[in-house]
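**Q** Take a look at the letters that make up each chain.
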Amino acid sequence: MKNVVALLIAAPGSLRRTEAEVLSAARRLADGLGGRVTAVILGAADESWTADAAAYGAERVARVEHAALGSYQAELAVEAARQACLALQAEVCFVPSSTYGLELAPVLAQKLGAAVVADVTAAAGDAATGAVKITKPVYGGKANSELIARQAPLVLAMRSRAVAPVEKKAGAAAEVMKLDVQLDAALAKSTIVERKTEAAGGARLEDARIIVSGGRGLGGREGFALLEELAGLLGGSVGASRAACDQGWVPASWQIGQTGKKVAPELYLAVGISGASQHLVGIGGAKHIVAVNKDEKAPIFQAAEAGVVEDFKTFIPALIQAVKKHKAAEGK
Amino acid sequence: MHLVVCLKQILDPELPPGEFRVDAQKKEAVRGSASLVISVFDENALETALQLRDAAGQGKITALCVGPESAVDALRRALSLRVDEAIRIREEEFPALDGFGTARLLAAAVRKLEPADLVFCGREAGDWHGAMVGGLLAGELQRPFVSLVAGAQRAGEKYALRRQTDEGWETVECAAPAVVSVTNDDANQPRIPKVKDNMMAFRRQIPAWGAAELGVAAASLAGPNAALEFASLYVPKSERQCQVLGGENAEEKAAQMAKKLAEIQVL
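Protein sequence lines correspond, in order, to chains Y and Z.
Read in order, the letters of the first sequence are residues 0 to 331 in numbering that gives the first Met the number 0.
Read in order, the letters of the second sequence are residues 0 to 266 in numbering that gives the first Met the number 0.
Looking at chain Y on its own, in the form it has when it is part of the complex (with noise of 0.2 Å):
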């Protein structure tokens, strides 16, 4: 397998994290196959994304712009992905796994006859047999499993915030081409009636480089106030482990973990979570994990790199004094 597709689905503004991550996938892979990447752009993005395609190492850059491609639409999304496959001779296509890619991958699997996985943290290429090994998480992160493909084509989910993007080459060149699909408007059955952007207090936690998160320790909404006033502060965002949104304390869009949002932010400070396996599945990507919590056996001590055995009642208040002081001492 030497022929790689990094399917992008286009969205407002600039090329995001989540096509980043879905390049730099392409590009390890390709790497590893001694093969070449070729990034669909399927919709009309900006004008931008051809040249962060590129930077993120892609050779070749089909764009794909129907009129009927305007805003995402799930069959016409398909249809469209399943021509570009074909005319590009794809074996192997990654796809995000946000709500559009999960929605598309099977779908485009079962026309293209393609063994599909979603969810996959890496995949690695044999020049020398041409195989792929795909690694993935089940049983809730407590275990990987590995899986190995020999035939095209492929079709693989990537994780979101499981991959660190390769390193952007400003600059890079790539053939760029049009490619023409063939859709007919009669094929969507379906109809997006209203899109609603989250209003969240800091960034998306997704894209957030600092998250101060809460658990059940926290035993209350009262101690989200404290983490809410640490993580302005330090200018990030507040999560929560599912024990803490199941209570109700915050909502659920504030998750993180397997049945919740992929976070990978520098630091994930980890207040009162005791660091369930499930959790530990959201944080994968996190560059620094720092926990706090005062039973010294919470299985988060083994994920973090540093920790505080303390409650966090009287902690987070001495930490919150204690950032106030370094700002102050640095004249920030």
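Bear in mind the hints are in silico, worked out from the structure with no lab data behind them.
Owing to the predicted nature of the structure, the values given are computational and were not obtained by experimental measurement.
Ideal Cβ placement from N, Cα and C applies to all residues, glycine included.
Incorrect hints may appear among the rest.
[Claimed, not checked] Here are the simulated PhoX-like pairs of lysine-lysine, each with C-alpha atoms no more than 25 Å apart in a straight line:
| hint | chain 1 | residue 1 | chain 2 | residue 2 |
| --- | --- | --- | --- | --- |
| 1 | Y | 261 | Z | 236 |
| 2 | Y | 195 | Z | 59 |
| 3 | Z | 111 | Y | 188 |
| 4 | Z | 259 | Y | 286 |
| 5 | Y | 324 | Z | 259 |
| 6 | Y | 326 | Z | 26 |
| 7 | Z | 157 | Z | 111 |
| 8 | Z | 258 | Y | 312 |
| 9 | Y | 296 | Z | 259 |
| 10 | Z | 111 | Y | 286 |
| 11 | Y | 324 | Y | 312 |
| 12 | Y | 132 | Z | 25 |
| 13 | Y | 110 | Z | 111 |
| 14 | Y | 188 | Z | 157 |
| 15 | Y | 296 | Z | 258 |
| 16 | Y | 293 | Z | 258 |
| 17 | Y | 326 | Z | 25 |
| 18 | Z | 26 | Y | 132 |
| 19 | Y | 132 | Z | 236 |
| 20 | Z | 59 | Y | 188 |
| 21 | Z | 259 | Y | 293 |
| 22 | Z | 258 | Y | 323 |
| 23 | Y | 286 | Z | 258 |
[To be verified] Stretches of chain Y that chain Z covers, calculated by requiring three or more beta carbons in the stretch to come under 8 Å of a beta carbon on chain Z:
| hint | region |
| --- | --- |
| 24 | 107 to 120 |
| 25 | 183 to 191 |
[Stated by the list, open to error] Interface residues of chain Z toward chain Y, partial, derived using beta-carbon atoms under 7 Å:
| hint | residue |
| --- | --- |
| 26 | 24 |
| 27 | 146 |
| 28 | 171 |
| 29 | 175 |
| 30 | 183 |
| 31 | 184 |
| 32 | 223 |
| 33 | 226 |
| 34 | 229 |
| 35 | 236 |
| 36 | 237 |
| 37 | 250 |
| 38 | 256 |
Since the structure of chain Y is already known, use the hints to place chain Z on it.
**A** What follows is chain Z alone, placed relative to chain Y:
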């Protein structure tokens, strides 16, 4: 209105990691003392269907489960939450099922149950996290597929499906028949069965459909994923060493933490 909900019975994911073992030969988890439960997103799917029926004031719900004999417990749970029918698909007749095979079996069952307006699946099972059966089932049935739904309502002749996106929320309008995958949300937390409904569910007979009833041969279930070699299953080792930030009191520990945050350049 006929709603079909697909359930999977799995090992309780709340089993602590310390008690979790895998059989590297068989490439599956060792059950040990773990209980069997309905996969979490499937519970959300069931709740979403129940709410749709409640709001519509009418309608029938059928629960389907591809599973071994033990899966009748999952179906009884669904009956205790007042689904109308529950049917087990005899997994024991179909060895080595993957997502494609499961989707084909479910499609055969749905065809027997037609008309079925909406088919609900959890977004992914809590054991293998395949996240593919809903979409593959839609493909088998040649119906539209809508992912990550958290609420469904009638909207005239169509259904309004509220779903999570990367940015927030959107509403998808879709005519029946369709297949949806359901994610978890504040709005679809599973309800608790009433005691009398538990007793009622215990008395119900649960039919089991196999190859003969479904008209499906085990050999016809292999899809493209059959070509994948399942090379290994293992419990990853954590190699991280946690640096304990000590001190006499909270203030001293907080000062250590601030220093650490400055070191990693987030402060």
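**Q** Work down the list of hints and note, for each, if the structure agrees.
**A** Tested hints:
Restraint check: the Cα-Cα separation between residue 261(Y) and residue 236(Z) comes to about 21 Å, which is no more than 25 Å; the hinted pair holds. A C-alpha spacing of about 32 Å is found between residue 195(Y) and residue 59(Z), which places the hinted pair above 25 Å, so the restraint is violated. The straight-line distance between the Cα atoms of residue 111(Z) and residue 188(Y) is roughly 23 Å, inside the 25 Å bound, and the hint therefore holds. Restraint check: the Cα-Cα separation between residue 259(Z) and residue 286(Y) comes to about 14 Å, which is no more than 25 Å; the hinted pair holds.
Annotation: proposed proximity of residue 324(Y) to residue 259(Z) holds, straight-line Cα distance about 14 Å (limit 25 Å). Proposed proximity of residue 326(Y) and residue 26(Z) is contradicted: the alpha carbons are some 52 Å apart, above 25 Å. A C-alpha spacing of about 23 Å is found between residue 157(Z) and residue 111(Z), which places the hinted pair at or below 25 Å, so the restraint holds. With a CA separation close to 20 Å, the supplied pair residue 258(Z) and residue 312(Y) stays within the 25 Å bound.
Note on residue 296(Y) and residue 259(Z): the hinted pairing holds, with a Cα-Cα distance of about 21 Å set against a maximum of 25 Å. This hinted pair does not check out: residue 111(Z) and residue 286(Y) have alpha carbons roughly 51 Å apart, beyond 25 Å. For the given pair, residue 324(Y) sits about 19 Å from residue 312(Y) by alpha-carbon distance, which is consistent with the 25 Å threshold. Annotation: proposed proximity of residue 132(Y) to residue 25(Z) holds, straight-line Cα distance about 19 Å (limit 25 Å).
Proximity of residue 110(Y) to residue 111(Z) is assessed by CA-CA distance (about 24 Å); at most 25 Å being required, the pair is judged to hold. The straight-line distance between the Cα atoms of residue 188(Y) and residue 157(Z) is roughly 11 Å, inside the 25 Å bound, and the hint therefore holds. Between the alpha carbons of residue 296(Y) and residue 258(Z) the distance comes to roughly 24 Å, so the proposed pair stays at or under 25 Å and holds. Under the criterion of a C-alpha separation no larger than 25 Å, the hint pairing residue 293(Y) with residue 258(Z) is consistent with the structure, at around 20 Å.
About 56 Å separates the Cα atoms of residue 326(Y) and residue 25(Z), which puts this hinted pair outside 25 Å; it is violated. A C-alpha spacing of about 17 Å is found between residue 26(Z) and residue 132(Y), which places the hinted pair at or below 25 Å, so the restraint holds. A distance of roughly 20 Å separates the Cα atoms of residue 132(Y) and residue 236(Z); the hinted pair therefore holds under the 25 Å criterion. Distance restraint check for residue 59(Z) and residue 188(Y): the Cα-Cα separation of roughly 24 Å lies within the 25 Å cut-off, and the hinted pair is therefore satisfied.
Annotation: proposed proximity of residue 259(Z) to residue 293(Y) holds, straight-line Cα distance about 19 Å (limit 25 Å). Using a Cα cut-off of 25 Å, the hinted pair residue 258(Z) and residue 323(Y) holds, with the two alpha carbons roughly 12 Å apart. Between the alpha carbons of residue 286(Y) and residue 258(Z) the distance comes to roughly 17 Å, so the proposed pair stays at or under 25 Å and holds. As drawn, the region 107 to 120 of chain Y meets chain Z at 10 residues by the rule of a beta-carbon pair under 8 Å; at three or more, the given contact holds.
For a cut-off of 8 Å, the count of residues in the region 183 to 191 of chain Y with a CB near a CB of chain Z stands at 4, and the three-residue condition holds. Residue-level restraint check for residue 24(Z) is violated (minimum Cβ-Cβ distance to chain Y is 14 Å; threshold 7 Å). The interface hint given for residue 146(Z) is met, as the beta carbon of that residue sits about 4 Å from the closest beta carbon of chain Y, less than 7 Å. Residue-level restraint check for residue 171(Z) holds (minimum Cβ-Cβ distance to chain Y is 5 Å; threshold 7 Å).
The interface hint given for residue 175(Z) is broken, as the beta carbon of that residue sits about 11 Å from the closest beta carbon of chain Y, more than 7 Å. Hint on residue 183(Z) holds. Least Cβ distance to chain Y is approximately 5 Å, under the 7 Å limit. Look at residue 184(Z): its Cβ gets to within about 5 Å of chain Y, closer than 7 Å, so that hint holds up. Hint on residue 223(Z) holds. Least Cβ distance to chain Y is approximately 4 Å, under the 7 Å limit.
Taken as an interface hint, residue 226(Z) checks out: its beta carbon lies about 5 Å from the nearest beta carbon of chain Y, inside 7 Å. Nearest Cβ of chain Y to the Cβ of residue 229(Z): about 6 Å, under the 7 Å cut. The hint holds. Taking 7 Å as the C-beta cut-off, the interface hint given for residue 236(Z) is violated, the closest approach to chain Y being about 10 Å. Satisfaction of the interface hint for residue 237(Z) is found here, the shortest Cβ-Cβ separation to chain Y being roughly 5 Å, below the 7 Å cut-off.
Satisfaction of the interface hint for residue 250(Z) is found here, the shortest Cβ-Cβ separation to chain Y being roughly 5 Å, below the 7 Å cut-off. Interface hint status for residue 256(Z): upheld, as the beta-carbon distance to the closest one in chain Y is roughly 6 Å, under 7 Å.
In this structure, the hints that do not hold are numbers 2, 6, 10, 17, 26, 29 and 35, in rising order.
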